[in-house]
Amino acid sequence: MAAALLFAAGAILWFVDQRATAQAESQAVSRTHFIIDALLAGELTQNDFSRPISGRRRTHLDDLFQRTVASEGIVRMNLIAPDGLITYSTEPSLIGRRPRHELNSVQAALGGQGVRTISHVQDGDRSIKVLETYLSVSTTGASRPLGVFELDQDYDERVSAQANKTVLPVAGFMLVALLVLCGALVPVLRRVTAAVEERNRRLVEQARKLELSLSSAQEARSEAESARGALAEQNKRLRELDRLKDEFLSLVSHELRTPLTSIRGYLELVLDDEAGELNPEQRRFLEAVERNSGRLLRLVGDLLFVAQADAGRLSLEQEQVDVSSLAADCVEGARPAANEKAIEFSLLATPVPALVGDRGRLTQVLDNLISNALKFTPEGGTVHVRTFSDGEHVAVEVSDTGIGVPPADQPRLFERFFRSSAAYDQAIPGTGLGLAIVKAIVEAHRGRITVDSHEGQGTTFRIELPLAANSNPAETMEVAA
Amino acid sequence: MIEPVSAPRPVVLVADDDEDILQLLTFLLESARYDVVQARDGEEALRLALDLLPSLAVLDAMMPGLDGFEVTRRLRSEGSTRHMPVILLTARAQASDVSRGIAAGADDYVKKPFDARDLKDRVERLLA
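Here the protein sequences come in this chain order: Z and S. Under my numbering, the letters of the first sequence match residues 1 to 481, in that order. Under my numbering, the letters of the second sequence match residues 1 to 128, in that order.
Here chain S stands alone, though its shape is the one from the complex:
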C-alpha cells in the first residue's frame, strides 16, 4: 500500500535531561504529527538546533550545563535561528522564572506538570 504524498511534517526539537519527560514530550508531539528531534542537554540542543534548523524548540529550562535560558539566548543571537519559536518548560513556580524566560527571548512558557492538550495547542499556535 502506498501512502499518500503529503507536505513534509514540521520538525520540533525537544530537550529535557529527564528521560521520561523527554519520551512523554516526544510521544505527545509525534502523535500530533510532528517530527521530533531529541536532545538530552543544552549543548546537544544548541548543536541540533543550529544544524537541523527545526521549526520549533521545546526546551526544559533547568538542565545541567547550558540551561534552557542560555540556549534560548544563543539561538536568538544566531542569524539562522533568530526567529525560531521557543517554548520553555519549567518545574519552578517562581514568577521570576517567567520574566527570565521572556528576557532570554522565549516565545512561550509552560509550567510542569503540563497538560498534554495545552502543550499541543501552544505548539500548534506558534507554528501557524
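The following block holds chain Z by itself, in its conformation from the complex:
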C-alpha cells in the first residue's frame, strides 16, 4: 500500500520535474529573444555578421554585452554569420572559427526556428552543462536575417535551479499530501482491507459451506439411491411374498379340502347305510362328526374368501337379482332354526327393482345376517327382515331383539376375527369372519352396511345396494374389497 503511494508520488514528481524543466528551458529561450529584441536589435549591423570582428568594434561589443547582458549564469554569447562563421564571441578564442557541430542549429535558427541544444563545455577544470540557444537576428526592412545570435547559459544555474524552484515546493506539498493521505487513507484503507478480508473470509466460509452442502447432497443422493435400491428389493420381496401367499392359499385350499372330501364322502356313505345299517347311537355320533366337518369346511371357505377379498380378487357374477325374493328364500331357509328357538321370525318384502349383482354372494350376505340375528337372539325373541327401495338403492334390514353390541365394540364389528365381548361372554360360537365377509361382499357391490345396536335391546343391520352401480352385466368384475 505504502509502496504504491510512494510510486505514485515518484511518478508525479517526475512529471512535475519534466514540466518544470521544459518551462525553464523555454524561459531561457524567451530570455534570448528579449536580449535580441530589447538590447541588441538596434546595435547590431550587417557588418557584425560578415567577418570576424576586431579592434574598436569588438571592444564596443564587449562593453555592450558586459553592460546589458552579462549576468550570473550567462556563460557566453556568439554572433554567427549565416555560413556558420563566428564573427564575435565573448570568448575571444572562438572568433573566426566555424564549428561544424553548430552548423545545423545555425541553419535551423536562420529558418525561423528557436533552437536550443544542450552540451557540455570545459570551464577551467570543471565541466559545465550548457543550454545553447540560437536565434536569428534581423533588421527592419531586410528580407533575410543578418545572422544568428547564440546565447549559452549555465544549465544548472538557469534551468535546473528554476525547475527546482517549482519542483521542491511541489515535492514538499507532495510529501505533506502523502503524509495527510496516509493519515487519512490508512484508517480508510484499513477499513477497506478489513472489509475485503471479511468478504474473503465470508467467501471462503461460503465456499466451505457449499462444499459441505455439496458433499451432503452427494451423501443424500447416495442415500436416496440406496433407499431406492432397498425399496426395489422390498418390492421384489413383496411381490415374491404375494406370489407365495397365492401359492399358499391355493395349497391350503387344496390340502384342506382334499381330506375333507374323503371325510365327508365316506361319512355320507356310512350315513346312507351303504356299509350296513347303523344303530341310533352310531348315527348320532357320526352326525356330530359330519356337523363339525361341515364347520371346518365353511371355515376353510371363509378364510379363502377373506384372503381373496384382501387380494382384490373377489370376482362377482353379474346377474339380475330380485333382492325381495332372495330375502324370502333366505327367510324360508332359516325358518326351522327360528322355530327351534321359538323366535318370532317375519319378513316384510316390498317389490323392489332388480339390481345387477352376484346372487350367490348376496344370498351369503342375507344368510349370514339372518343366522347372526337368530344366533344372538334369546328364545322367544323377535327377528324381522325388511326390504325396500328408494329408487336408487335396494335396502335390506335385519332387526333382532338380541343381546346387542356394546358401543365400544361397534367400530370393530366388521373387522375379521373380531368377536364382540357379549358373544364371548355368552359363549356363542363363531369365527369372527361372518361380518367381515358380509362387508366385503356388500362393498364389492359398491354398497354399504351400517349397524344400529343397543346393548340388551337388540341390533339392526342395514345394507344398501346401489341399483345403478353394476351397469354391465356381461362382464365379470374384479373388485377390491
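Please keep in mind that the hints were generated in silico from the structure rather than gathered at the bench. Any given hint could be a false lead.
Said to hold, decoys possible - Derived contacts from chain Z toward chain S, CB cut-off under 7 Å, selection only:
1. H101
2. N104
3. E223
4. H254
5. R257
6. L260
7. T261
8. R264
9. G265
From a predicted model like this one, the values you see are computed outputs, not experimental measurements. Using N, Cα and C, we set each Cβ at its ideal position, and we do this for glycine too.
Knowing the structure of chain Z, use the given hints to seat chain S on it.
Relative to chain Z, chain S alone:
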C-alpha cells in the same frame, strides 16, 4: 344261478392322486352300476383313456406331472377321444380354475368336497 344278460355297463375312467378319494369315487360310480377304471396320475389316465376309450372320464384337476387340465387338452386333440365327456374335480375355489377347465375342453366341473348324489347326477346326465 344265472345272471340275466344285460347291455354292457359304461366304462368310466377316474383319476386322482389321493387314494382315498380314488376309492370313494370308484365305490360311488360302481354302486351306480358303472365299470370303473382307476388311474393314479395324469400319464396313466391319458394312457388308459387312449387305450380303453372309456365312455367318460372323471379327472382330478390337481395331479403331479400331467394335471387334469393337460390330460383334458390332450384328449381333445386326439381324434378317438375328442368327444369323450370329461368331468374335472378340483379342490381349488378360484373362479379362474373353472374358466381354465372350460378352456381346456372339460364338459363339467365339480368342486371338492363333492356331494355323492350331485356327482352321480352329472355323470348320468353326460352319458344320457
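Each hint, compared with the structure:
1. This hint is violated: H101/Z has a C-beta 126 Å from the nearest C-beta of chain S, more than the 7 Å allowed.
2. At about 123 Å, the closest approach between the beta carbon of N104/Z and any beta carbon in chain S exceeds 7 Å, and the interface hint on this residue is violated.
3. Interface restraint check for E223/Z: the shortest CB-CB distance to chain S comes to about 43 Å, outside 7 Å, so the restraint is violated.
4. A least Cβ separation of about 4 Å between H254/Z and chain S falls short of the 7 Å threshold, and the interface hint therefore holds.
5. Taking 7 Å as the C-beta contact cut-off toward chain S, the hint placing R257/Z at the interface holds, the least distance being around 4 Å.
6. Because the closest C-beta pair between L260/Z and chain S is about 5 Å apart, less than 7 Å, the hint holds.
7. For T261/Z, the interface hint holds, since its Cβ comes within 7 Å of a Cβ in chain S; the closest pair sits about 4 Å apart.
8. For R264/Z, the interface hint holds, since its Cβ comes within 7 Å of a Cβ in chain S; the closest pair sits about 5 Å apart.
9. Here the hint on G265/Z is kept, as its CB sits about 4 Å from the closest CB of chain S, short of 7 Å.
In this structure, the hints that do not hold are numbers 1, 2, 3, in rising order.
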